[in-house]
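Peer 1: Residues per chain are reported as follows:
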Amino acid sequence: MSEPLQTGGTPSAPAPASNDGRVVVAMSGGVDSSVVAAMMHAEGWDVVGVSMRLYGDAARAGKSCCSPDDLHDARSVATDAGFPFYVANYQEEFQRTVIDYFVDEYRRGRTPSPCILCNDHLKFDTLLDRMLALDGRFLVTGHYARIEKVGDRHALLRGVDRNKDQSYFLFGLPRPMLGRIRFPLGEMTKTEVRELGRELGVPTADKPESQDICFVAGREYASFVEERLGPEDRRPGRIVDVTTGAVLGEHSGIHRFTVGQRRGLGVSHPEPLYVRRIDAQTGDVFVGTRDAVRQREFTIERCNWLRWESAPSEFAAQVQVRYRQTAVACDVSHRDVDAERAWVVRLVEPMAGISPGQAAVFYDGDEVLGGGWIEEVA
Amino acid sequence: MTGRINADHNASTPALPSVVAAMVQLLRGQLANPSSVHRAGQAARATVETARRRIAARLGVDSGFVVLTSGATEANNLALIEPPRGAILASPMEHPSVTRVLDALARGGRDIEALPNDSLGRVDLEWLGARLRSGGVGMVCLGAANGELGVINPVEQAGDLCAKHGASFHVDAAQAFGRIPWSVPVGASSVTLSGHKFGGPQGVGALWLREPAGHGPLLAGGGQERGLRAGTENVVAIHGLGEAAHTAEPDAWASTAVLRDRFEAGVLSALDASVNGDPACRLPNTSNISFLGARAEEIVVALDLDGVACSAGAACSAGSVDVSPVIRALGIGAEREHSAVRFSLGPDADPETVDELVTRVVHVVRRCRRNSVRG
Numbered sequence: 478m479s480e481p482l483q484t485g486g487t488p489s490a491p492a493p494a495s496n497d498g499r500v501v502v503a504m505s506g507g508v509d510s511s512v513v514a515a516m517m518h519a520e521g522w523d524v525v526g527v528s529m530r531l532y533g534d535a536a537r538a539g540k541s542c543c544s545p546d547d548l549h550d551a552r553s554v555a556t557d558a559g560f561p562f563y564v565a566n567y568q569e570e571f572q573r574t575v576i577d578y579f580v581d582e583y584r585r586g587r588t589p590s591p592c593i594l595c596n597d598h599l600k601f602d603t604l605l606d607r608m609l610a611l612d613g614r615f616l617v618t619g620h621y622a623r624i625e626k627v628g629d630r631h632a633l634l635r636g637v638d639r640n641k642d643q644s645y646f647l648f649g650l651p652r653p654m655l656g657r658i659r660f661p662l663g664e665m666t667k668t669e670v671r672e673l674g675r676e677l678g679v680p681t682a683d684k685p686e687s688q689d690i691c692f693v694a695g696r697e698y699a700s701f702v703e704e705r706l707g708p709e710d711r712r713p714g715r716i717v718d719v720t721t722g723a724v725l726g727e728h729s730g731i732h733r734f735t736v737g738q739r740r741g742l743g744v745s746h747p748e749p750l751y752v753r754r755i756d757a758q759t760g761d762v763f764v765g766t767r768d769a770v771r772q773r774e775f776t777i778e779r780c781n782w783l784r785w786e787s788a789p790s791e792f793a794a795q796v797q798v799r800y801r802q803t804a805v806a807c808d809v810s811h812r813d814v815d816a817e818r819a820w821v822v823r824l825v826e827p828m829a830g831i832s833p834g835q836a837a838v839f840y841d842g843d844e845v846l847g848g849g850w851i852e853e854v855a
Numbered sequence: 002m003t004g005r006i007n008a009d010h011n012a013s014t015p016a017l018p019s020v021v022a023a024m025v026q027l028l029r030g031q032l033a034n035p036s037s038v039h040r041a042g043q044a045a046r047a048t049v050e051t052a053r054r055r056i057a058a059r060l061g062v063d064s065g066f067v068v069l070t071s072g073a074t075e076a077n078n079l080a081l082i083e084p085p086r087g088a089i090l091a092s093p094m095e096h097p098s099v100t101r102v103l104d105a106l107a108r109g110g111r112d113i114e115a116l117p118n119d120s121l122g123r124v125d126l127e128w129l130g131a132r133l134r135s136g137g138v139g140m141v142c143l144g145a146a147n148g149e150l151g152v153i154n155p156v157e158q159a160g161d162l163c164a165k166h167g168a169s170f171h172v173d174a175a176q177a178f179g180r181i182p183w184s185v186p187v188g189a190s191s192v193t194l195s196g197h198k199f200g201g202p203q204g205v206g207a208l209w210l211r212e213p214a215g216h217g218p219l220l221a222g223g224g225q226e227r228g229l230r231a232g233t234e235n236v237v238a239i240h241g242l243g244e245a246a247h248t249a250e251p252d253a254w255a256s257t258a259v260l261r262d263r264f265e266a267g268v269l270s271a272l273d274a275s276v277n278g279d280p281a282c283r284l285p286n287t288s289n290i291s292f293l294g295a296r297a298e299e300i301v302v303a304l305d306l307d308g309v310a311c312s313a314g315a316a317c318s319a320g321s322v323d324v325s326p327v328i329r330a331l332g333i334g335a336e337r338e339h340s341a342v343r344f345s346l347g348p349d350a351d352p353e354t355v356d357e358l359v360t361r362v363v364h365v366v367r368r369c370r371r372n373s374v375r376g
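Chains A and B, in that order, give the protein sequences. In the numbering used here, each residue's number is its place in the first sequence (first place is 1) plus 477. In the numbering used here, each residue's number is its place in the second sequence (first place is 1) plus 1.
I should point out that these hints are in silico values taken from the structure, not numbers from a laboratory. Bear in mind that the values here come from a model prediction, so they are computed numbers and not experimental data. Heads up, a few of these hints could be off.
Unchecked claim - Pair ranges (Cβ atoms, derived):
no. : chain 1 : residue 1 : chain 2 : residue 2 : range
1   : B       : 326       : A       : 709       : 30 to 40 Å
2   : B       : 97        : A       : 803       : 51 to 61 Å
3   : A       : 803       : B       : 293       : 49 to 59 Å
4   : A       : 748       : B       : 108       : 53 to 63 Å
We put the CB at the ideal spot given by N, CA and C, even for glycine.
All chains, please: the whole structure from these sequences, using the hints.
Peer 2: Written out as C-alpha cells, the structure is:
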C-alpha cells in the first residue's frame, strides 16, 4: 500500500470527483478480508464493509464462507473497528451464475470452477458496480494477488506468498477496472496476515480456513449435484479403457467423475488408472494409466486478457490448468480449427489432468496475461 | 445542510418527549411488581391500569379488554391462537406476524384463503362480500393501514360485512393507531396496536379483544392480564405506551401529507420513477417509490452513507434485504419490485428538510442507475 493513490480514470469508469478516500471492502467473515478491512480503517481510509449474502439455506450450519455465521463475524469486525457495514443480497445472481452453472457443468461431464465464476459475476461485476454506486474509489478484497501500475496500464501479479497465491482465480477481472481494485494482502504472507490481525485486534484473526466449496459446506459435492439433477441426467454408464477400448466396469453417473481423478473409479487394475475423458452423450468414462492420459493440446473459449486489450494471435507463456499447479511452458495461437476460429494451447510437455470446464490461466513470470475456459482436449 | 434525515418513521418512531420523561421518571422511582399486595405494587398496578384506560380511550371502546403485550407481533399471534372454525381470509399484504402464523395454521390443516388486491394495493371488498355470502368463513384479517405502501384499508366496510355474516374480524392497526384519526370498527372482534409506531417505546403493544372470555393465552404462567398473557408486566414500557396513546396527535401526522406530496413531486420531476400503492388513500407520511434500473438495496445503502434513513423490502436475520411480500402482492413486475424504496416522514419534517431529501435521493438514484462496469 505504499504506492501513491491512483485515481485511475478510464473511459467507462471516470475517476470519482469526491476526494474522501472511500473504499468498499468485500468481507466474507474470514481472516483475510477481516484483516484487510481493519487494516485500511486503521490507515485512515473511509471503509465501507460489504458482505455478500449468496445463499440462505439455514440447514447449512457452521462456517464455510459467507454463511449467516460468517456475516455475523464480518459485522462484528466492522462494529469493533467502527466503520459501516452492509449485507448485499445477491442470492438470485449466485444461484443463476454459480450454483446452476456448477450443476450444469457436471451434467455435461465437465469440471466446474465455481470460485472463478463468483469472482467474474459477483465480486468483480455486481459488487464492483456497488462500489461505484457508493461513490467508492476502490473495491478492496483479501485476495493473495497484486495489482501494480506498469507504465500506463495495470498488471495483475501473483501474490508473494506462493502457497496462497490466488491469481489463478482472478484472470477474469475486467481490464478497464484494474485501477479501481486493490489487493493489499498480495505483498504479505498468510502468517504475516494473521499476525497483523492479532495486532489490530481483529476478532477473527485465529479463525480456521474454510476448505470446502462455500455452498456445499460439510457435504461432498456429488450428492449436492445429484439432488439437483433430473432423473434423466443420473444415468449409469460404462468405464472404458482409453487404450484398448475394453469395458472395465460400470458407474452410476458421470457427475461423480472428473478428469485426472484416480480414486473412486470402482475398477481394479494392476496400475493406477486415471480419468482421461468423459463423454456426456454416451455416458462413457474413459480411463487409462498415467502415461495414457497425458495430453498436449487443448482449445479454450471465452478468454479474458489483462496484459493486452486483445491478445496477439500467437504468443508463448506458462500455463496453469488448475489451481495448485506449477505453470508449464506452452504456445498459444488463435487459428482456424475445423473451419472455426479457436484459441489453441499447445504444451511443450504433455500433461495429465487437463479437464474441460477448468480455467487455463497464462503467466509471464509473475504476471497474469489472461486466460480462458478449457473446452476440448485433443 | 449536512445533517441526517430520518425518512423511516414507519419502521420505528422516535419516542415523544413526554413519553421519555414519563418513562425516565418511573425508572428513577421504585419499580415494583403490579401483582404485589404492598403499596409499591399497588402503585405499579395503578400505572398499568391507567395506561390500559388511556389506550381504550384512544381506541374509542368502552367494552372488551385491552391485553398488554410485548408488541404487535405478540398481539397478532395472540389474536390468532385459536381462530373460530371455518375458512380464514387474509390479505397477503398483512404483516408477517399474521401471514406466517396463518402459514403455520395452513400446514396444520386450516383453510386459509387470500383476500385479493389490485395493483394499487386496494383490497377487493366485492370479492370479500361474495365470499362471506357463500358461507363457511370463520375469520377475516385485514390491517387498518399498510406500513410499506401506506395504503389505508376499508376496515369499516369490511367489518360491517363480517358482522353481517357472523365472521370474526381481526384488525392489525399498528400503522394507524395514534397516527390517523381512527377508532375501532363496529365489526371488529380484535385490534392490534404497537408502541413504537406512534411515539411510544419499542417492545410493547396491545391486543384489544371484544370478547375476552374464553380466549386462550399465548404465554401461560401467572394469571396476569386476566389469564390472557402471563408474565410480570413491563410497567415502564406500558406507562410509555399509555402516555403516547394519551398525547399522540394524529393532526401532527396529518400535516406531513403536504410534505410527502412535495417530496414525491420533487423526485418525480427529476427522475423517471413510479409511486406504489393507491395515492388517493394513504397514510399522510408514506411514499413508496420504484426506481427502475436501480436496485432498492443499493439505493438504501447509498442513501445511508449520504445521511438518509429509509428502507426497502423485508429485512432478514442476516441483515440483507429481500423483496417485500407486500410489493410482490401488487403484481407490478420483478423490476419494480426490486427497485421499490419506502420513505416515511415524521411530524418533525419541514420543507427545507424535504427539499434536501429530494436532492440526496435524486443524486443517489442517478449514481445507482449507471451502467454496469461489464457493459
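Peer 1: Determine for every hint whether it applies to the structure shown.
Peer 2: Verification of the hints:
no. : hint                       : result
1   : B/326 to A/709: 30 to 40 Å : holds, 35 Å
2   : B/97 to A/803: 51 to 61 Å  : holds, 55 Å
3   : A/803 to B/293: 49 to 59 Å : holds, 50 Å
4   : A/748 to B/108: 53 to 63 Å : holds, 57 Å
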